[in-house]
Amino acid sequence: MTSLDLSTRDVDDIIDGASVHGRTDLAGVVELTSFMRASREVEPAPPMRADLVRLIGVEPPPAN
Amino acid sequence: MQSTDQRTETTAKRSGAARRPPPSLAPLVDDARAGCPRAFEEIYRLLAGHVASYLRWHRASDPDGLTNDVFAQVHRKLPTFEGDDQGFRSWLFTIAHHRMIDDRRRANRQPPVQDDIGVDESAGCGDVEEDAFAVMACDHVRDLVAVLSPDQRDVVLLRVVADLSVEEVARLLGKGEGAVKALQHRALSALRRHLDTHPALR
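Protein chains in written order, with the numbering used here: chain A, 1 to 64; chain B, 65 to 266.
Don't read these hints as lab results, they were simulated from the structure. The beta carbon of each residue, even a glycine, is placed where N, CA and C say it ideally should be. Check before you lean on any hint, since a few could be wrong.
Label pairs and their in silico Cβ distance ranges [to be verified]:
no.	chain 1	residue 1	chain 2	residue 2	range
1	B	T144	A	G22	42 to 52 Å
2	B	R102	A	H21	38 to 48 Å
3	B	G242	A	D25	23 to 33 Å
Bound conformation, chain A alone:
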């Protein structure tokens, strides 16, 4: 297997953002996918637009 080859298990690990045992050459890609996973968790829910608030029928937050 050349250093560019990826096994099915390697691909699954990288997609999961998990280190691939014995493959330090893949650390950069793993770093990327783990960052992508983590970054989605810190993306805040966008404010609900007025039309969506009306559609779902929740009370709008009180104005300060």
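Since the structure of chain A is already known, use the hints to place chain B on it.
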């Protein structure tokens, strides 16, 4: 300066992603389908950020506005949904993906405008220095994803950001599972090669 490792760790710590299991959606979906606004609002609170993130990695023109559109469609179609937690997530991202494609087509029909690649104000939520690093890191990753072909990008973002299985991605994209596996394999190899030839990006 923080390394990308440190930034990633910081991002994960701030999100609490590694510690908390996701709450079950099924009761919320049941209540929302029964017309409970608060249940739908809670679903929005739990998943709208993930959808916005998915749309942002795709460089959608207005990720926040599109996320609102996606959830409006989800609300209208909710009575027809059947499935479990993962089924709901897959259904949600199917709607988001189709909205993103519509948005891309609409953008292609319009005259080009200056791409806004400035500071992404939504990326941070706390410490100014950490947020600055988060913004830099997000732009860095987005640049890397842009080296992929559209098919490869779709597969990687659906697998990693939307957290869908190969089977779900195949169904969503109308491809065979073998084709999705081949695309993700080629995408990761391409990213690895790109990082090898552009060490400054790491």
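We went through each hint and held it up to the structure:
1. A hinted range of 42 to 52 Å holds for the C-beta pair T144 (chain B) and G22 (chain A), which are about 48 Å apart.
2. Between R102 (chain B) and H21 (chain A) the C-beta distance comes to about 46 Å, which sits within the given range of 38 to 48 Å.
3. Between G242 (chain B) and D25 (chain A) the C-beta distance comes to about 26 Å, which sits within the given range of 23 to 33 Å.
The structure is consistent with each of the numbered hints, conforming to all of them.
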